[in-house]
Amino acid sequence: MSSIDVTAIVPITERVEHVDQLILSYHHALAATGKSYEFLFLISPAWDRFKPSLQAIIDEGVPGKIVTFSRHFGEATAIQVGGEMANGEIIMTLTPYEQIAPEAITQLLDNLTDGTDMVIVNRSPRVDGAFNQAQARWFHRILNLFAEVKFNDMGCGIKAFKRDLLTEIRLYGDLHRFIPQLAHQQGFKVKEIDIAQSPRDAHRRVYSANTYLGRLFDLLTIIFLTKFNQKPLRFFGAGGAIALGISLLGLLYIFIERVFFDVGAADRPLLVLFSLLLVLGVQLGAIGLVGETIIFTHAKNSRPYTIRKIVNGEETPKDGA
Amino acid sequence: MTKPELSVVVPLYNEEDNVRLMFERIVDALEPFKGRFEILFVNDGSRDKTFEIASGIAAENPFLKVVDFRRNYGQTPAMAAGIDNATAEIIVTMDGDLQNDPSDIPDMVAKLREGYDIVVGWRHNRQDKLITRKIPSRIANKMIGKVTGVPIKDNGCSLKVYRADVMKKMPFYNEMHRFIPALLSLGGAKVAEVKVKHHARQFGESKYGLSRVYKVLFDLLMIKTVLSLISHPVRWFVRIALLPLLFSLGLFFVVAGDISSGDSAVISATILIILMNLALFLVSLGFICELIYNKSPLDLSKIAPLTARVDAFEQNIVLDSADDTGTETPHESQKG
Numbered sequence: 001m002s003s004i005d006v007t008a009i010v011p012i013t014e015r016v017e018h019v020d021q022l023i024l025s026y027h028h029a030l031a032a033t034g035k036s037y038e039f040l041f042l043i044s045p046a047w048d049r050f051k052p053s054l055q056a057i058i059d060e061g062v063p064g065k066i067v068t069f070s071r072h073f074g075e076a077t078a079i080q081v082g083g084e085m086a087n088g089e090i091i092m093t094l095t096p097y098e099q100i101a102p103e104a105i106t107q108l109l110d111n112l113t114d115g116t117d118m119v120i121v122n123r124s125p126r127v128d129g130a131f132n133q134a135q136a137r138w139f140h141r142i143l144n145l146f147a148e149v150k151f152n153d154m155g156c157g158i159k160a161f162k163r164d165l166l167t168e169i170r171l172y173g174d175l176h177r178f179i180p181q182l183a184h185q186q187g188f189k190v191k192e193i194d195i196a197q198s199p200r201d202a203h204r205r206v207y208s209a210n211t212y213l214g215r216l217f218d219l220l221t222i223i224f225l226t227k228f229n230q231k232p233l234r235f236f237g238a239g240g241a242i243a244l245g246i247s248l249l250g251l252l253y254i255f256i257e258r259v260f261f262d263v264g265a266a267d268r269p270l271l272v273l274f275s276l277l278l279v280l281g282v283q284l285g286a287i288g289l290v291g292e293t294i295i296f297t298h299a300k301n302s303r304p305y306t307i308r309k310i311v312n313g314e315e316t317p318k319d320g321a
Numbered sequence: 001m002t003k004p005e006l007s008v009v010v011p012l013y014n015e016e017d018n019v020r021l022m023f024e025r026i027v028d029a030l031e032p033f034k035g036r037f038e039i040l041f042v043n044d045g046s047r048d049k050t051f052e053i054a055s056g057i058a059a060e061n062p063f064l065k066v067v068d069f070r071r072n073y074g075q076t077p078a079m080a081a082g083i084d085n086a087t088a089e090i091i092v093t094m095d096g097d098l099q100n101d102p103s104d105i106p107d108m109v110a111k112l113r114e115g116y117d118i119v120v121g122w123r124h125n126r127q128d129k130l131i132t133r134k135i136p137s138r139i140a141n142k143m144i145g146k147v148t149g150v151p152i153k154d155n156g157c158s159l160k161v162y163r164a165d166v167m168k169k170m171p172f173y174n175e176m177h178r179f180i181p182a183l184l185s186l187g188g189a190k191v192a193e194v195k196v197k198h199h200a201r202q203f204g205e206s207k208y209g210l211s212r213v214y215k216v217l218f219d220l221l222m223i224k225t226v227l228s229l230i231s232h233p234v235r236w237f238v239r240i241a242l243l244p245l246l247f248s249l250g251l252f253f254v255v256a257g258d259i260s261s262g263d264s265a266v267i268s269a270t271i272l273i274i275l276m277n278l279a280l281f282l283v284s285l286g287f288i289c290e291l292i293y294n295k296s297p298l299d300l301s302k303i304a305p306l307t308a309r310v311d312a313f314e315q316n317i318v319l320d321s322a323d324d325t326g327t328e329t330p331h332e333s334q335k336g
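Order-wise, the sequence lines are chains U and D.
Numbering-wise, the first sequence is residues 1 to 321 according to the numbering used here.
Numbering-wise, the second sequence is residues 1 to 336 according to the numbering used here.
Be aware that one or more of the hints could be misleading.
Each computed DSS-like pair below joins lysine-lysine, with the alpha-carbon atoms no more than 30 angstroms apart [what the hints assert, rightly or not]: (1) D:LYS49 / U:LYS162; (2) D:LYS197 / D:LYS215; (3) U:LYS227 / D:LYS34; (4) D:LYS49 / U:LYS189; (5) D:LYS195 / U:LYS309; (6) D:LYS34 / U:LYS309; (7) D:LYS146 / D:LYS195; (8) D:LYS129 / D:LYS146; (9) U:LYS227 / D:LYS169; (10) D:LYS129 / D:LYS169; (11) D:LYS34 / D:LYS168; (12) U:LYS309 / D:LYS3; (13) D:LYS34 / D:LYS169; (14) U:LYS227 / D:LYS215; (15) D:LYS34 / D:LYS49; (16) D:LYS142 / D:LYS129; (17) D:LYS197 / U:LYS227; (18) U:LYS150 / D:LYS215; (19) D:LYS129 / D:LYS197; (20) U:LYS191 / D:LYS3; (21) D:LYS169 / U:LYS309.
Note that these hints are calculated values from the structure, not bench results.
Generate the whole structure from the sequences, applying the supplied hints.
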């Protein structure tokens, strides 16, 4: 396997616009840098119809390979698969629709210097409508409230990072949006650069209620994965302890009224309420314990740390890997 | 380089003032092992010159390895990284802040060779603040001993000596270092406790404060649960479920004796069902834990043969790996 400089992964899974023209522009931009590069097109079956035109581009001399999945696995999986097949030292993910001017992608490579492991794009200045901007702003506001590190544009699919980054994180579902957060958690240096948004990216984006709900759970997932990855009991236990605390105080109140003020306890609906809270508290805690059991039994396979290098030694391979 | 006899693992976090002194003290203390030991400094994402100084020393001393983390992960992952990358049969872990004294190591190694799997240090003359460090730590140790059944006097002491083959098989993450003796006892390890010296901090600030009281409580609950894995997770969850179960049974008799009294009977019956529900839920989770352990790559019985003693047999005998050692551990402490 010959090693080259850059592998550009283009997941064709969700949205496609002007793809042939765009890929050629990417190709010219990369060629101008003088680096060796290849394209990997990862196509979901729903977008099969673009295969011939991509094949035509490859025949015309754009170095690249086409991978067609047999079912829809989503963008995150496509990127993970692309990373495994990539020969490049640097991996770029490029979108099959225009988010920034294609010539600007070389700026990412310029910024990926020694101290930086990943470069992502903040589309700024933005040219799209107030509605798009407002929903994006709210999404990031909530995310940044909890995140350890603040980024402004998770929606931009154009990223560049060093190859070993993908071996330390695991992508599935909709996690591709949060590669920067996951990378930061594993100790990689992520840099966000401002690049102007392309006018072609400016159409109004109104999604289905389902999509918004999905985004909300993406947020919860990423907060859980980055903050409580190794300690589920602290996540569930905090909620459980609050519920348990309130219910115990409430039950104490009912008990005191019953004993000292002769107020009947058995016919009070309040008793049911506090019993339910008690049950909720114990259940949350118990779920946390199940989480801890999963972490404990799999701890030897997933290391709790990442090593940059070892002076005077070599890293021992992972158990069971 | 031939395989060393001893690996000394030291996690370092912003210890630029201490690194060189630390290295020299260890080398002095391990004079009897000269040429037969290695040191692993684990740089836990320090923001000062710790890594530069350590690699500078490593350039002149091939027996010093420096493991550089990508970020700060905490003391336990740092020790785990050192243990994973250690090559000797015996592993020593200690703090990077010079509060432990490397001169205790030869005695502890001698103790280990008497036939123990882990020797833990006991800072009997601890040089720390009373209110914020010593008293909370004493209470925590009592509780850990009670919960885990391994009454170590000083779980917080980082100076410990292990047999590498046992230690390398143990899951080790978060803030587990406090529970190592208890965890190892899962695999039937023999634990010894030895008094060690303890110095006040010379440079820098103490990095671990009082804020971890509630964390220790959650950790204890976690440890109790994972310790139950070796025997019967279902039983542990049944024990938690016992209280709501008994309560709901009690209510049953109240309701049965009082069926005609209208509203209060309905409320009692509702609570009865809610509590019964909780008991069933907990027992079901016990079975889920059983399933998780059953399907997981972790097999604690693999540790049992490592710690089992074989007398009057051939050396290469195949041991019965179904050895259920439970949580009972021979425990000794050495005075003086």
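Hint check results:
With a C-alpha separation of about 25 angstroms, the suggested pair LYS49 (chain D) and LYS162 (chain U) falls inside the 30 angstroms cut-off, and the hint holds. For the hint linking LYS197 (chain D) to LYS215 (chain D), the alpha-carbon distance of about 28 angstroms falls within 30 angstroms, and the restraint holds. A threshold of 30 angstroms between alpha carbons decides the hint, and for LYS227 (chain U) with LYS34 (chain D) the separation of about 44 angstroms lies outside it, so the pair is violated. The hinted pair formed by LYS49 (chain D) and LYS189 (chain U) meets the criterion: a straight-line CA distance of about 18 angstroms does not exceed 30 angstroms.
Taking the CA atoms of LYS195 (chain D) and LYS309 (chain U), the gap is about 36 angstroms. The hint is violated against a cut of 30 angstroms. A hinted pair counts as satisfied when its Cα atoms are at most 30 angstroms apart, and LYS34 (chain D) with LYS309 (chain U) qualifies at roughly 26 angstroms. The suggested pairing of LYS146 (chain D) with LYS195 (chain D) holds, with an alpha-carbon distance near 21 angstroms, which does not exceed 30 angstroms. A hinted pair counts as satisfied when its Cα atoms are at most 30 angstroms apart, and LYS129 (chain D) with LYS146 (chain D) qualifies at roughly 25 angstroms.
A distance of roughly 26 angstroms separates the Cα atoms of LYS227 (chain U) and LYS169 (chain D); the hinted pair therefore holds under the 30 angstroms criterion. This hinted pair does not check out: LYS129 (chain D) and LYS169 (chain D) have alpha carbons roughly 35 angstroms apart, beyond 30 angstroms. Restraint check: the Cα-Cα separation between LYS34 (chain D) and LYS168 (chain D) comes to about 25 angstroms, which is no more than 30 angstroms; the hinted pair holds. Note on LYS309 (chain U) and LYS3 (chain D): the hinted pairing holds, with a Cα-Cα distance of about 21 angstroms set against a maximum of 30 angstroms.
About 28 angstroms separates the Cα atoms of LYS34 (chain D) and LYS169 (chain D), which keeps this hinted pair within 30 angstroms; it holds. Straight-line distance between C-alpha atoms of LYS227 (chain U) and LYS215 (chain D) comes to about 15 angstroms, which keeps the hinted pair within the 30 angstroms bound. Straight-line distance between C-alpha atoms of LYS34 (chain D) and LYS49 (chain D) comes to about 28 angstroms, which keeps the hinted pair within the 30 angstroms bound. At roughly 19 angstroms between alpha-carbon atoms, LYS142 (chain D) and LYS129 (chain D) fall within 30 angstroms of each other, so this suggested pair holds.
For the hint pairing LYS197 (chain D) with LYS227 (chain U), the CA-to-CA distance comes to about 37 angstroms; that exceeds 30 angstroms, so the pair is violated. Of the pairs offered as hints, the one joining LYS150 (chain U) and LYS215 (chain D) holds, with about 27 angstroms between alpha carbons and a cut-off of 30 angstroms not exceeded. A hinted pair counts as satisfied when its Cα atoms are at most 30 angstroms apart, and LYS129 (chain D) with LYS197 (chain D) qualifies at roughly 16 angstroms. In summary, the hint linking LYS191 (chain U) to LYS3 (chain D) is not supported, as the alpha carbons are separated by about 42 angstroms, beyond the 30 angstroms threshold.
With a C-alpha separation of about 23 angstroms, the suggested pair LYS169 (chain D) and LYS309 (chain U) falls inside the 30 angstroms cut-off, and the hint holds.
When each numbered hint is compared with the structure, violations occur for hints 3, 5, 10, 17, 20.
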